[in-house]
Amino acid sequence: MQQIFNFIFKNSSRLLFLLLLCISFLLTIQAHSYHKSKIISSANFLSGGVYEKINNVSEYLNLRSQNDALALENARLKSMLFKTKDSAAIKNFMNLKVELPEDVVVSKVIHNSYNVHENFLTLNSGSLQGIKPDMGVVNNLGLVGIIDKTSPKYSTVISILNVRSQINAKIKKSNHFGSLVWNGKSTGFVQLIDVPRLASVRKGDTIVTGGQSVIFPENINIGTIEKIYIDNKTNYYTLDIKLFNDMTNLGHVYIIKSKDRDELNNLEKGKKDE
Amino acid sequence: MNSTLLLNISRFILLLAVQIVIFNNMNFLGYIIPLPYILFIILYPVNGNRSGLLLASFLLGLTMDLFSNSGGIHATACLVLAYVRPTIFKFSFGVSYEYQTIKLNDVLTPERFSFILMSVVIHHITLFILEAFQVSFFWDILLRTVLSTVFTIISCIIIIYLIKPNKR
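Taken in order, these protein sequences are the chains called G and X.
Numbers 1 to 274, taken from the UniProt record's numbering, label the letters of the first sequence in order.
Numbers 1 to 168, taken from the UniProt record's numbering, label the letters of the second sequence in order.
Everything labelled a hint here was simulated from the structure, so no lab data went into it.
You may find that some hints are simply not true.
Only part of the chain G face toward chain X is listed, based on derived beta-carbon distances under 10 Å [as the list claims (entries may be wrong)]:
| hint | residue |
| --- | --- |
| 1 | S13 |
| 2 | A71 |
| 3 | S113 |
| 4 | D148 |
| 5 | K149 |
| 6 | S151 |
Every beta carbon over 12 Å from chain G, so not counted as near; a handful from chain X, in silico [said to hold, decoys possible]:
| hint | residue |
| --- | --- |
| 7 | I20 |
| 8 | I73 |
| 9 | E111 |
| 10 | S155 |
Even glycine gets a Cβ: it sits at the ideal position worked out from N, Cα and C.
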């Protein structure tokens with residue numbers, strides 16, 4: 001018995017090192033495994049609070065570009081309004097009691113990372129605002145990411161600039177589907193893989209979200225085709241897509257709450273159980 | 001004794017704050033981030049409590065992970081650096097390093113520089129290997145490690161010269 005104690009005392013720092021190493025390895029592996037919520041995330045009162053304080057200061061530095069973006073979006077919405085044949089009808093539409101399939105929550109990016117292979121954003125709204133994991137996040141220009149983890153006041157987003165994110169997308173013109181992934185190289189470009197060879201793709205075609213997932217509604221802008229390759233192994237197209245969004249400069253974003261989501265999820269769960 | 005503890009605690013908090021507020025927002029060429037927060041482990045007293053250093057560096061790394069959504073990679077890298085620190089001391093300052101009065105935050109000599117270089121390289125290699133976890137990014141990892149090492153060392157030396165404490 002005494003020998004055991006002696007051993008422990010003698011090697012206390014080594015044992016402590018091994019113990020802590022195990023814990024940190026577990027945390028690392030757990031974070032790398034897909035579809036598992038992380039223990040360590042920036043959606044908590046400590047880092048969320050600090051990031052919000054920092055953002056309160058740094059926000060002033062890019063007020064001008066944010067203002068320009070908002071003005072542009074306003075102009076676009078105005079032009080849509082003027083193009084409708086009867087602009088008075090819009091007013092009635094607002095008062096209609098029809099349930100819209102999607103609800104939108106506005107939120108602010110308080111921390112943005114884009115320089116590692118797995119990038120996450122932190123938003124300043126959380127489960128108190130009704131935000132849940134796996135909701136879609138967009139902004140006025142296009143796709144941003146998917147909610148990963150929430151706390152009462154903050155939430156983290158898996159950015160599309162994350163090698164683990166995979167989003168269903170399609171070519172706007174021809175409705176051919178593919179998966180949107182990122183190869184970890186440039187912040188301005190993502191890749192659309194597994195596009196069938198039958199699809200007619202041309203440089204400059206627009207890529208939008210497909211309707212196959214419940215996370216995003218259909219036809220949200222993503223980017224335009226920049227380069228076309230043929231994957232040697234699978235004989236599918238791989239497309240380089242230039243993003244509409246500047247992922248390095250994000251201000252306000254919109255979180256899409258899909259009302260049909262629970263119903264659809266339940267339906268699909270029931271299918272699997274059978 | 002008490003003042004050393006206080007100094008270390010304030011160093012822990014200050015370095016983390018500087019790292020998160022300033023250096024994390026610094027992007028040379030899009031992906032190079034200097035990580036001078038590991039100065040805490042480098043500057044820890046030579047004859048200080050080893051278990052204390054291990055625990056402190058684990059917490060240091062964990063806090064960094066908390067802020068950068070990275071699981072446990074900073075914690076692992078800091079822990080590895082804290083564990084191999086005596087070996088690096090032996091390498092840079094000779095076998096009998098424990099009997100010398102080593103002051104790291106002083107004028108840069110070849111020994112001190114080699115110590116800082118070794119520490120930063122070990123930390124960064126662990127960090128970036130864990131970060132990518134995929135062999136397909138091998139060259140990318142190597143490039144990032146080399147470039148980040150350079151910038152971390154520069155920022156570390158600048159910080160050492162800035163906060164050089166008055167002679168005690």
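(request) So, K149(G) near chain X? Judge it on the closest CB pair being under 10 Å. (result) holds, 9 Å
(request) With 12 Å as the threshold, tell me whether S155(X) passes as away from chain G on beta-carbon distances. (result) holds, 16 Å
(request) Would you check whether S13(G) satisfies its interface hint, that is, whether its CB is within less than 10 Å of any CB in chain X? (result) Holds - the Cβ of S13(G) comes within 10 Å of chain X, reaching about 4 Å at its closest.
(request) Mind verifying the non-interface call on I73(X)? Its CB should be farther than 12 Å from each CB in chain G. (result) violated, 5 Å
(request) Under 10 Å, Cβ to Cβ, is where D148(G) needs to be relative to chain X, so tell me if that hint holds or is violated. (result) With Cβ-Cβ at 8 Å, under 10 Å, it holds.
(message) Let's test the interface hint: is any C-beta of chain X closer than 10 Å to that of S113(G)?
(response) holds, 7 Å
(request) Return the status of the interface hint for S151(G): holds when the least beta-carbon distance to chain X is below 10 Å, violated otherwise. (result) It is violated, given that the least Cβ distance between S151(G) and chain X is near 12 Å, above 10 Å.
(request) Grab the minimum C-beta distance from A71(G) to chain X and call the hint holds if it beats 10 Å, violated otherwise. (result) violated, 26 Å
(request) Beyond 12 Å from every chain G Cβ: check whether that's true for I20(X). (result) violated, 7 Å
(request) Over 12 Å to the closest beta carbon of chain G is the bar; see if E111(X) clears it. (result) The assertion about E111(X) holds, with a minimum of 24 Å to chain G.
When the structure is compared with the earlier hints, violations turn up for hints 2, 6, 7 and 8 and for no others.
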